[in-house]
Each structure stands twice: as C-alpha cells, then as structure tokens.
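So the chains spell out like this:
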Amino acid sequence: MTLVHQATGVAGPYDAVTEQAVAYRALLERWGMAGGVHASVVAPRAPAEVEPLERLAPDRDDLVLIHYSGFVPGMRPLLELPQRKLLVYHNITPARYFWELEPRVAIACELGRANLPRYVAAARVAAAVSRYNAEELRAAGALDPRVVPILLDPARLEAPARRRNGAGGGPLVLSVGRLAPHKRPDLVIRAFALYQRHCRPDARLLCAGPAVNPAYLARLQELVAELGASGVRLAGPLPQPQLNAAYADASAFVSLSEHEGFCVPVLEALCAGLPVVARPAGGVPEVGGDAVLWVDDDDLAVVAELIELAVSDAALREELGRRARARVEQFAYERVAGELRAAVDAALAS
Amino acid sequence: MTRPEEALGRAREAVERKRAEGAYPASESAVGEPPSERPSPERLKEWALLDVEPSTLYSTRRLGAPITLLKRGLLRLLRQYTSELEARQTRFNLAVLGRLRELEERVERLERDR
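Keeping their order, the protein sequence lines are chains A and B.
Letter 339 of the first sequence, counting from 1, is numbered 339 in the numbering used here, and no numbers are missing.
Residues are numbered in the numbering used here as their position in the second sequence, beginning at 1, plus a constant of 1000.
These are computed hints drawn from the structure, not numbers from a lab.
For each residue, glycine too, the CB sits at the ideal point set by N, CA and C.
Each hint should be verified, as a subset may be incorrect.
As the list claims (entries may be wrong) - Computed from the model, here is a short list of chain A residues facing chain B with C-beta under 10 Å:
1) L238
2) V292
3) W294
4) V295
Generate coordinates for the entire structure from the input sequences, incorporating the hints supplied.
Structural data, given as structure tokens:
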C-alpha cells in the first residue's frame, strides 16, 4: 500500500498550514493512503497527530507531500529523500513586513522565497492553494503547477444559527487573522474608528487571531486608545466554537490585508453568510469573486461607508448572501478533495 | 437596492457628501507599506541565521546524560529568551551584510568611473 506522508516546517495551534495538513490526513485516511503528519518544529499545543520530522520514515514507493510556507532549516533533508514528492505551496509573506518587528520571521520569509525553486525542482508535482500562488510557483520554475484550493472541513464550521448582534449592543464588525503587519489590522482599527464615529456609535469590533508578538499587540492597543474607539476587542486566537459563534453574531467581516495567498477567514465568512468588505490582495479575489464588497481605496472613510452599507442595506446583504452561497460551492469539500486526489495521483504516476 | 457592484461608488459618494458637511476628516488615508529592506547574498544570509539546535547541547562528562537532559530542558524553558537574542543577533548580522553590499557596490562604481 502506497502511503502519503506529509511534512511541514512548523506545526502549531491556530496555524492554517497545520490545519490543512490535518484536513488532508482525514481525506487520505478515507483513501487508505494516510501516512504521518510531520513537522520540523512541533510547537506546544500542536494537534496530537503531528510528529517530529525525525520520525518520518517513508517506504521507497511512498509519496512525501511537502507543505511549504517558509524557510525552516530542519526541512532541508526532505530535499534529499529519494521518494516521490508533491509540493503544496501556501505562499510566503514578503519579508519587508517583518524586518523591523520580527527579524526571525523576516529571515524565514526571505530565505523561504529564495529556496522555493529548490523545492520546486525536487518535487514531481507542484501545487498551490490559489492561481495567484501557482503563478509564483511558475516563476520559481514549476512547468505546470496545479491549483488545489484550501480544503475546508464543513464540520468545522458548524455554527449556531445566525443571530445578528446576538450578544447585544450595536453591530459587530469582525476581522479574523493573525495580527501581523501585512494583514494591516491597524487599518481595520482605523476604518472601524471612523465607522463608529461617523455612522454607528454603538458599533463593536472583534479582531480574532494571535499577534505576531507582544510588541505589535501593544502597538495596536495603543492605536485603539489613541483613536478613542470603544467596543474594540483584540481577542487573540479563538477556539473554533467561539470563532463560529463570532461569525454568527457579526454583522460584517472586514479584511484589509495587503498580502494573502488565499485567505481562509474570507471563505469562512462567506460560509457563515456574512457580508464581506475586503481589499483585493493576492489570492483573495479568487476566493471572494463577486460575493465580496471590494475596496482598494487609500481613503479609509470609504471603507467605513462600505461597512455601513454592508451592515444596514438589507437588500444588499441578501444579494451578498445569495452570491456567497454560490461562491462557497466552488470550494465544496468534495470538489477540492477531487483536486487533491488528482495531484496525488499525478505525483504517484510520475 | 444597492447592488454589490454599485456599493463602492455609493460609499465614495457618501464620503464626499459627508465631507462637504464636515463629517470625515480630510486626510484619513491608509498608512503606507513598511519600508523595504533587502539583505545581501543568499548564502551569507543563510549563514547569518542563528538557529540553536538542541542536539548540539550536551554534557562532556562521563555519565553526563542527566546533565544533558537538564541542559536541554533549560534551553527549552528559556526558549522565549534565547529566541529573542537569536533574533537580535541575526538582525545585526544581516544589517552588516547589507552595509557590506552597499560598500561593494560603491567600490564597483568608483572603479568603473575611474
């Protein structure tokens, strides 16, 4: 029996790549091909199925699926393995966002991009989670990169019924994602402050996601205080049930990220039927399509007014909800599972 | 009804109208990207990267296995602190490499123009 073993650089909780590896494993189990999930660095509270990379011991005919999202020195031995390899590229944030704040991350990003061609060359088949990412793979030397979108387990998003403003108070604006410079949570806070001041004084903002480091979190907290915004909660990472409840309670979702390979939270928001206001960065337009209110204006007052429309225009909300349901179909579990299976089969056949 | 395709235009109009009424500040614009900084050659950068490998930490004493375990345990406990030190040192290394590259380019320019 040929098994598919997965390897990644760093595995931890609230990590999109780790979650993807775990989701792949469930699918591979269904196909009778599940090997282990291995990581060079296993952070505390990582999913229990993740093992250290040193324990990776594939048979000669097995396939090694490498999730690549940055440079991790311990991943180098993967390049020398004689087994067939399938590369799944999750994109790498440009290093310039991190040099000042978190040099280690900047280095991992810079070297990650520089080393991508080596991983492409070592893999029989290269795949990316979006067409945007696939273009980067092509630039790194992949001849015919495949697109395997993010596999979103529908069970994960089982949420309470929509209960707009369920927690009481004014409209809840939700933003989900790591608090990191390229995701521009600072702009979300600024836009929200305008929205609150000029449209809905009782509005609330919930930012869910871990901060890149305590200094950046403190900087954002200072910004909230400086702007005099109230009802802002920088909640840190939320367990899935709480996150689902937040999607159910929210009135609108906002993402002003400048760099995204895919953007899982936008897809989750669409699944929850939330109106989404987003910047068309990187792979996000592929996810949101015509179901998102796109904004690339520098003027944050425009973002504030778009949030107001998304919250208060019932007909617009209904139309966005209808489009979101159609959009989500593009990323249906079985459809993406088929793409993954095709990539695995192509790597095994090569 | 506002169609999604019309929403951005409506939002811009609303801002213009409200600004005329004195509602929004005139220059509430997005903050620019963080500055770009490009360190020098890849190989040097790789060398500049500090990465403490726990397996290099061991006791040289006879029957030192418990001490090795203790040392590695301490390293793990101090990981947050050592990561910060590594990060600072690596940042310095890379900054120096950047300056070196600038000097190399300057020398090349001067030699070319001579």
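Right, here's what the structure says about each hint:
1. L238: Result: violated, 23 Å to nearest chain B Cβ.
2. V292: holds (8 Å)
3. W294: holds (7 Å)
4. V295: Holds, because the Cβ-Cβ distance from V295(A) to chain B comes to roughly 6 Å (cut-off 10 Å).
Violation of the numbered hints given earlier is confined to hint 1; every other hint is satisfied by the structure.
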